[in-house]
Amino acid sequence: MAEDRGSIVGSPQPRLRAAIEVARVSKIYRRFSHRKQFATLKSALLSRSLIKNLRPDETFTALNDVSLTVPKGRTLGVIGRNGSGKSTLLKLVAGITKPSSGTVKVEGRISALIELGAGFHPEISGRENVFINGIMLGLTKREVAERFDEIVDFAEMKEFIEAPVKTYSSGMYMRLGFAVAIHVDPEVLLVDEVLAVGDEGFTHKCLDKFAEFKRRGKTILLVTHSLSMVERFCDEALWLDAGRIKGSGDPKRIVGAYITDVERREEHELAAGDARARDSADATIVSPDEPSSAVLPDNPVETATATGDMFRAAEGRWGSREIEITQVELHGPDGAQGHVFQSGDSLDVRIRMRAPLPIDDFVVGVGIFNAEGTCCYGTNTYIEDLTPDSIHGDTEAVFAIEALDLIEGTYKVDVAIHKIDGYPYDYHRLLYTFRVKSRAKDVGIYRPRHAWRFSGAMRFKKSQAEP
Amino acid sequence: MLHNLAQLPRYRGLIQSLVARELKARYRGSVLGFFWSFINPLTLLLIYTFVFKYVMPAAIKGADPYPLFMFCGILPWTWFASSLTESSGVLISGGNLIKKVLFPAEILPIVTVTANMIHFFLALPILAVFLIVYKAPLTAGELLCFPLVVAVQYLFTLGCALILSALTVHFRDIKDILSNVLTLWFFATPIIYPYLGAPAIATRFLNWNPMAHIVISYQEILFFQGPFGHWKWLAALAVGSVLLFLGAYWIFDRLRDSFAEEV
Chain H
1062 MAEDRGSIVG SPQPRLRAAI EVARVSKIYR RFSHRKQFAT LKSALLSRSL
1112 IKNLRPDETF TALNDVSLTV PKGRTLGVIG RNGSGKSTLL KLVAGITKPS
1162 SGTVKVEGRI SALIELGAGF HPEISGRENV FINGIMLGLT KREVAERFDE
1212 IVDFAEMKEF IEAPVKTYSS GMYMRLGFAV AIHVDPEVLL VDEVLAVGDE
1262 GFTHKCLDKF AEFKRRGKTI LLVTHSLSMV ERFCDEALWL DAGRIKGSGD
1312 PKRIVGAYIT DVERREEHEL AAGDARARDS ADATIVSPDE PSSAVLPDNP
1362 VETATATGDM FRAAEGRWGS REIEITQVEL HGPDGAQGHV FQSGDSLDVR
1412 IRMRAPLPID DFVVGVGIFN AEGTCCYGTN TYIEDLTPDS IHGDTEAVFA
1462 IEALDLIEGT YKVDVAIHKI DGYPYDYHRL LYTFRVKSRA KDVGIYRPRH
1512 AWRFSGAMRF KKSQAEP
Chain U
31 MLHNLAQLPR YRGLIQSLVA RELKARYRGS VLGFFWSFIN PLTLLLIYTF
81 VFKYVMPAAI KGADPYPLFM FCGILPWTWF ASSLTESSGV LISGGNLIKK
131 VLFPAEILPI VTVTANMIHF FLALPILAVF LIVYKAPLTA GELLCFPLVV
181 AVQYLFTLGC ALILSALTVH FRDIKDILSN VLTLWFFATP IIYPYLGAPA
231 IATRFLNWNP MAHIVISYQE ILFFQGPFGH WKWLAALAVG SVLLFLGAYW
281 IFDRLRDSFA EEV
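Top line first, the protein sequences correspond to chains H and U. So for the first sequence, the numbering used here puts the first residue at 1062; every next one is plus one. So for the second sequence, the numbering used here puts the first residue at 31; every next one is plus one.
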């Protein structure tokens, strides 16, 4: 089936006529760093650098050798992280900026939903602005007049259309801008993350309009962070990363690959963040000789809940180090170390310790905190009636969680070893981070194992969003 | 460059509606509306009439009736000066359009200069009243030259506006420099004093000032008796203005790609 659809990327001879053709395009932005905001003719003349100042110091490559072809009537979704070049690509296709190298060819009238209502003048009425905006987008005065009622209806602005635009709310502004842009009746529609334009009802209307465009065989280039939109609407997806094409093709496949990549990156970030936290905690070791109630908790859980906000509760490390926690690792269901887990996965907290001398009074504790600083769970060996006998040399304790029944979010872990009376040997406060991912966006602190059961005349439609 | 220049007529409709918007927006939200923009020249007129008629009358020999003389020069000057002041900031304030909409940037300075020209036209009835009241010696032949002077001034002003607007994107202090230059330029143009009344050494400098020739042309047509003897200067200036416009457009075109990134 994919054969007849015509491929978007890397096909030298598309079977369908191309509406958008981008060939080996690079875009290099110039940066004028040393003067930036403070560019003055006076200083340029004084330092005799008028010509030099008009030249760039350094460059930034927003797009690097990107080629793509969108056949007529297809919808292409462009995804990627912030700064990956999505908007630059859209601006190039719209003709607002020129490529540094390569060529961009577009067949037919373009309408770019990039900045809605750009060019509205605040002092004059909505009516006059609709005309000027329409003309700016390439309509003639007559054409705007013909579509005027339809535009106003679509924007739901009938009673305000004669008022000056400066009196409009931002939602009204965007709605009117959207209505004008969409009524230009383009062959090629470029959309940049503009669907957050109004209430539910309006969003639905916009989606319907897109669907209509698709039906009528228009070409759409959609830049969005909404992956479900890409999966639902687009015929193909393109994944940009740091100005290069990282993947293209079937939306489900590309979105999947993209999500995996995002998780991998989060993994790196969390690992790096934890390493930083540990480094700074090591630098500020509190001596056990000057104990205070804050550093000598009876039980780690209580202090933690009292601290409240996690972002105020500083990470830290303290203790006498008679027993030292040398390493803490989080291991997922496949046994691999990680920082991002699915809700319901199993999780092992592996704690390596070293006791240079034999010690007979010790308690190992673990606490899990969510982003608000609420303790989701805390326990230790003493609470669970394990009476210490002895510890000596290198040891490992594994706190094995069978199923991580937590909702989506970021969590931090306390790990500690201390005496029964609370005297800390080594206390690691919020030094380990993991993230829980979940398809369901449920709320709360913890997700009890559950199922729904129904009886009687109660039915649900099959879910469409889930793949 | 020539390709872009050739595209300009296609945007006639857009320029038209933007100029209309500009004018409407200016007069909305103020009671006196339209008349505000003549308060400035009228104030100048009152001040200078007072100064030159009663304080130092010797300086304006040959410029009687003085209010009419001054009005002939001050109106075109206002067009010129406010065009330059506004166009120096027009690309920055219109940054949204340049960055987000497919839109030839030169339309913005063109709209500024054109809108100010319409102002000038709107003030002409007042000038006509002055001409009738003071029984100015008008001839049909001279009046036919009036549109030519307007055309030359339009082209000259547009050339200046294009350069200014493009450079201000890179050098933000041009706006501040400009207001000083314009004050100097105002006094270096025979608006409040007659050209012929100026000492010989001064007229040599005045000859280098294009605006002087434009203002003198207006004065000869509307104020002074006798044939329009300044036409040679005006013709030379017309050629100069065409060259200036082409040069300015070339500069503007060269800097065009930097606008979307710099504003």
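It should be emphasised that the hints constitute simulated quantities derived from the structure, not laboratory data. The C-beta atom is built at its ideal place from N, Cα and C for all residues, glycine as well. A portion of the hints provided could be inaccurate.
Stated by the list, open to error - The calculated DSS-like cross-link candidates involving lysine-lysine, where the alpha carbons are at most 25 angstroms apart (straight line), are:
#  : chain 1 : residue 1 : chain 2 : residue 2
1  : U       : K165      : U       : K83
2  : U       : K129      : H       : K1159
3  : U       : K165      : H       : K1166
4  : U       : K83       : H       : K1159
5  : U       : K54       : H       : K1219
6  : H       : K1133     : H       : K1307
7  : H       : K1202     : H       : K1227
8  : H       : K1202     : H       : K1498
9  : U       : K129      : H       : K1202
10 : H       : K1159     : H       : K1313
11 : U       : K130      : H       : K1227
12 : H       : K1159     : H       : K1307
13 : H       : K1522     : H       : K1502
14 : H       : K1219     : H       : K1270
15 : U       : K54       : H       : K1227
16 : H       : K1498     : H       : K1307
17 : U       : K83       : H       : K1227
18 : U       : K54       : H       : K1270
19 : H       : K1227     : H       : K1133
20 : U       : K262      : H       : K1166
21 : H       : K1266     : H       : K1522
22 : H       : K1307     : H       : K1166
23 : H       : K1133     : H       : K1313
24 : H       : K1480     : H       : K1498
25 : U       : K54       : H       : K1202
26 : H       : K1266     : H       : K1307
27 : H       : K1266     : H       : K1166
28 : H       : K1266     : U       : K130
29 : H       : K1202     : U       : K130
30 : H       : K1313     : H       : K1502
Said to hold, decoys possible - Residues from chain H shown here face chain U by an in silico Cβ test under 8 angstroms; the list is partial:
#  : residue
31 : G1180
32 : E1189
33 : E1204
34 : R1208
Stated by the list, open to error - Non-contacting residues of chain H with respect to chain U, defined by C-beta distances greater than 10 angstroms in every case (computed):
#  : residue
35 : Y1090
36 : K1152
37 : I1196
38 : E1211
39 : F1460
### Query
Quick one, are K262(U) and K1166(H) close enough, alpha carbons at most 25 angstroms?
violated (50 angstroms)
### Message
Just to be careful, I want the Cα atoms of K129(U) and K1202(H) compared with a cutoff of 25 angstroms; is the pair within it?
### Response
holds (24 angstroms)
### Query
Taking C-beta pairs only, is F1460(H) more than 10 angstroms away from all of chain U?
holds (54 angstroms)
### Query
If you draw a straight line from the CA of K165(U) to the CA of K83(U), is it 25 angstroms or shorter?
holds (19 angstroms)
### Query
Taken at face value, is the distance from the CA of K1202(H) to the CA of K54(U) at most 25 angstroms?
holds (18 angstroms)
### Task
Mind verifying the non-interface call on E1211(H)? Its CB should be farther than 10 angstroms from each CB in chain U.
It holds; E1211(H) is separated from chain U by about 20 angstroms at its closest Cβ, greater than 10 angstroms.
### Message
Tell me if the straight-line CA distance from K1227(H) to K1133(H) falls inside 25 angstroms.
### Response
Distance of about 39 angstroms is beyond 25 angstroms: violated.
### Query
Taking only the CA atoms, is the gap from K54(U) to K1219(H) under or equal to 25 angstroms?
Cα-Cα ~22 angstroms, so holds.
#### Entry: Check on I1196(H) being off the interface with chain U, judged by Cβ distance over 10 angstroms
I1196(H) not clear of chain U: closest Cβ-Cβ about 5 angstroms, inside 10 angstroms.
### Query
Are the Cα positions of K1159(H) and K1313(H) separated by 25 angstroms at most?
Given pair K1159(H), K1313(H) is violated - Cα atoms ~32 angstroms apart, limit 25 angstroms.
### Query
Is K1266(H) close enough to K1522(H), meaning Cα to Cα at most 25 angstroms?
holds (22 angstroms)
### Query
Per the CB criterion, is G1180(H) less than 8 angstroms away from chain U?
holds (5 angstroms)
Of the hints listed earlier, those the structure fails to meet are numbers 3, 4, 8, 10, 17, 18, 19, 20, 24, 26, 27, 33, 34, 35, 36, 37, in rising order.
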